[in-house]
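Visitor: Spelled out, the chains give:
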Amino acid sequence: MSVYNHSVSLDVEKCKGCTACLKRCPTEAIRIHDGHAVINPVRCIDCGECIRVCPSKAKKATHDSLSVLNDYKYTIALPAPSFYGQFDNLDNIGYIIKGLRDLGFDDVYEVACAAELVSAYTRKYIERKDIKKPVISSACPAITRIISTNYPYLCENIMPILPPIDIAAMLAREKAMREHPELRDEDIGIIFISPCPAKVSYIKNNFAGERNYISATVSVRDVYFAILDIMNKYREEPTEATESGIIGIGWASTGGESTAILNHRYLAADGIENCIRVLDSIDSSDITQLDFVELNACNGGCVGGAMTVANPYIAQARLHELRRFLPVSPNRPASDWIPDRYFREKLVEYNPYSALSSDRKTAIRMMQDIEDLTNKLPGLDCGSCGAPTCMAFAEDVVKKEICAEECTVLLKKLVKEKEIPKELLYAELGLRERDCSGGGNGEKDDDGE
Amino acid sequence: MSEILKFHFDIDGSDFSSAGAASVMVKKKLRQLSYDPEIIRKVSIAMYEGEINMVIHANGGTADVEIHDEEIIIILSDNGPGIADVELAMQEGYSTARDSIRNLGFGAGMGFPNMKKYTDHLQVDTALGVGTTVTMKVKL
Numbered sequence: 000m001s002v003y004n005h006s007v008s009l010d011v012e013k014c015k016g017c018t019a020c021l022k023r024c025p026t027e028a029i030r031i032h033d034g035h036a037v038i039n040p041v042r043c044i045d046c047g048e049c050i051r052v053c054p055s056k057a058k059k060a061t062h063d064s065l066s067v068l069n070d071y072k073y074t075i076a077l078p079a080p081s082f083y084g085q086f087d088n089l090d091n092i093g094y095i096i097k098g099l100r101d102l103g104f105d106d107v108y109e110v111a112c113a114a115e116l117v118s119a120y121t122r123k124y125i126e127r128k129d130i131k132k133p134v135i136s137s138a139c140p141a142i143t144r145i146i147s148t149n150y151p152y153l154c155e156n157i158m159p160i161l162p163p164i165d166i167a168a169m170l171a172r173e174k175a176m177r178e179h180p181e182l183r184d185e186d187i188g189i190i191f192i193s194p195c196p197a198k199v200s201y202i203k204n205n206f207a208g209e210r211n212y213i214s215a216t217v218s219v220r221d222v223y224f225a226i227l228d229i230m231n232k233y234r235e236e237p238t239e240a241t242e243s244g245i246i247g248i249g250w251a252s253t254g255g256e257s258t259a260i261l262n263h264r265y266l267a268a269d270g271i272e273n274c275i276r277v278l279d280s281i282d283s284s285d286i287t288q289l290d291f292v293e294l295n296a297c298n299g300g301c302v303g304g305a306m307t308v309a310n311p312y313i314a315q316a317r318l319h320e321l322r323r324f325l326p327v328s329p330n331r332p333a334s335d336w337i338p339d340r341y342f343r344e345k346l347v348e349y350n351p352y353s354a355l356s357s358d359r360k361t362a363i364r365m366m367q368d369i370e371d372l373t374n375k376l377p378g379l380d381c382g383s384c385g386a387p388t389c390m391a392f393a394e395d396v397v398k399k400e401i402c403a404e405e406c407t408v409l410l411k412k413l414v415k416e417k418e419i420p421k422e423l424l425y426a427e428l429g430l431r432e433r434d435c436s437g438g439g440n441g442e443k444d445d446d447g448e
Numbered sequence: 000m001s002e003i004l005k006f007h008f009d010i011d012g013s014d015f016s017s018a019g020a021a022s023v024m025v026k027k028k029l030r031q032l033s034y035d036p037e038i039i040r041k042v043s044i045a046m047y048e049g050e051i052n053m054v055i056h057a058n059g060g061t062a063d064v065e066i067h068d069e070e071i072i073i074i075l076s077d078n079g080p081g082i083a084d085v086e087l088a089m090q091e092g093y094s095t096a097r098d099s100i101r102n103l104g105f106g107a108g109m110g111f112p113n114m115k116k117y118t119d120h121l122q123v124d125t126a127l128g129v130g131t132t133v134t135m136k137v138k139l
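Chains as they are written, first to last, in numbering that gives the first Met the number 0: chain A, 0 to 448; chain B, 0 to 139.
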């Protein structure tokens, strides 16, 4: 398996080794070792859950900084539609487009415009008889990645048409070449303004194929703070205007992509735990008669991304207002057929990581050991050992990744049973004598000393 | 026959919302044992259907999964009402599920047909008022 470069990363200095992220990671990718979290790159899907829950702000999303604007002769901003929902009291997307230009971008190409093309193509694609249903949206990279590692049978269900960011980047580059024939390919910097770390990783790892249309990825948060001051100085209505419509902007929140296919046989879910349950159900052939499934790892959809500023639901409400007087879908495909270049170069491949051993007999023996050990563990899933659950701990012990004495609950039991001198602990804690006679918490203890 | 790996699950009949959890667990374990995706799919769908059946009709029961060298055996056992006419129950579209269950999207009469379709061997031992044991085998 090739190495996957992740956006989600850890600031070891800040991490206190608490169990907040451990318990929330949907793929059990995190362990606490030596007092701090360790992210398993094979399991991580860059969903950003750990960034959201970390009380020490030790988890972060790495992405390019705005200085990347200086690296190219001609730069094009690709704002995700969720970006528009970040601004309070905004009644015209034109201000944002003007703001991005004044920040230093030479041009702006709205991802929402490409999203409308993808919606139109999706409508055509799902009518085909030779495809596996339900078609699962490829827009959320955390979802495509978890399918590629955990759901071999669903890889074929993933929409083969490129997601809006890739098509936007492709069209933006073509537009620049057309308008500025003097530019060389490497002069053009296509810079995506991303709401989430999953899209950063998607781009960094060429997940859609070897053709990489996007030059750099900056965060919605950085760009928001950078253009806020610029935008606040505007006194006149901008001459710039959005070129996208209701459908394109709708992609920012859950249900937007689905409703745009104008077909009632769809399912739209958000929140990574919900999405996993939906994938399990589709995998068990439990949901039938669906044509399309839209899954967004973040609550609320892309507006809930870990690199945004606004609350996802407030952002969504703002988008409803912003798109109110826009046309439904001003961007229409030029052709009736879907051009080849809009398809992924390679389909999503199954890349399992969970095998215990390549040798079946060894794997079976290990699984037996895991079962036996799990039954002896306290079953509290307390996380003190550094693994998210007792079963994950048993797996780690059998895989020799952790020592069994890390289970503090078992150790406590052992201390009590074997009557290891408690004075040792009291000395360690600097307590003069052992006295639990107050008994405030009702714990019954053999107070025999 | 060398080492046999066994898993046991108690299927809680009182909580319909957790029905199907055991087959998801088995699927995870089979993935860890790196079985072919086709095998995993067969086992998990057959077991899922049986698990749902036990919750709908028999107020739960037990599920035992045995992994042998040549085959995977799934034994679902309950103390439910038993099946009056097994042949009828095997027919596609036949169901005795209550309307409240059908409203949730279950009871389409595909339980046994799917269990038969996805396994290499299906045996139903049932007695009215005593219970039902379904034994399924998937060849490796």
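Bear in mind the hints are in silico, worked out from the structure with no lab data behind them. One or more of the hints may lead you astray.
What the hints assert, rightly or not - For lysine to any residue, the following SDA-like pairs were computed, each having C-alpha atoms within a straight-line distance of at most 20 Å:
(1) B/Lys-28 - A/Lys-203
(2) B/Lys-5 - A/Thr-373
(3) A/Lys-203 - A/Thr-373
(4) B/Lys-41 - A/Leu-376
(5) B/Lys-28 - A/Glu-27
(6) A/Lys-174 - A/Pro-159
(7) A/Lys-13 - A/His-32
(8) A/Lys-22 - B/Lys-136
(9) A/Lys-398 - A/Lys-415
(10) B/Lys-116 - B/Pro-80
(11) B/Lys-41 - A/Pro-151
(12) B/Lys-41 - A/Tyr-349
(13) B/Lys-41 - B/His-7
(14) B/Lys-136 - B/Leu-121
(15) B/Lys-5 - B/Pro-80
(16) A/Lys-375 - B/Lys-136
Visitor: Confirm or reject each hint.
Guide: Now for the hints, and whether the structure bears them out:
{"no.": "1", "hint": "B/Lys-28 - A/Lys-203", "result": "violated, 32 Å"}
{"no.": "2", "hint": "B/Lys-5 - A/Thr-373", "result": "holds, 14 Å"}
{"no.": "3", "hint": "A/Lys-203 - A/Thr-373", "result": "violated, 38 Å"}
{"no.": "4", "hint": "B/Lys-41 - A/Leu-376", "result": "violated, 31 Å"}
{"no.": "5", "hint": "B/Lys-28 - A/Glu-27", "result": "holds, 15 Å"}
{"no.": "6", "hint": "A/Lys-174 - A/Pro-159", "result": "violated, 24 Å"}
{"no.": "7", "hint": "A/Lys-13 - A/His-32", "result": "holds, 14 Å"}
{"no.": "8", "hint": "A/Lys-22 - B/Lys-136", "result": "violated, 36 Å"}
{"no.": "9", "hint": "A/Lys-398 - A/Lys-415", "result": "violated, 28 Å"}
{"no.": "10", "hint": "B/Lys-116 - B/Pro-80", "result": "violated, 24 Å"}
{"no.": "11", "hint": "B/Lys-41 - A/Pro-151", "result": "holds, 13 Å"}
{"no.": "12", "hint": "B/Lys-41 - A/Tyr-349", "result": "holds, 18 Å"}
{"no.": "13", "hint": "B/Lys-41 - B/His-7", "result": "holds, 19 Å"}
{"no.": "14", "hint": "B/Lys-136 - B/Leu-121", "result": "holds, 7 Å"}
{"no.": "15", "hint": "B/Lys-5 - B/Pro-80", "result": "violated, 27 Å"}
{"no.": "16", "hint": "A/Lys-375 - B/Lys-136", "result": "violated, 30 Å"}
In this structure, the hints that do not hold are numbers 1, 3, 4, 6, 8, 9, 10, 15 and 16, in rising order.
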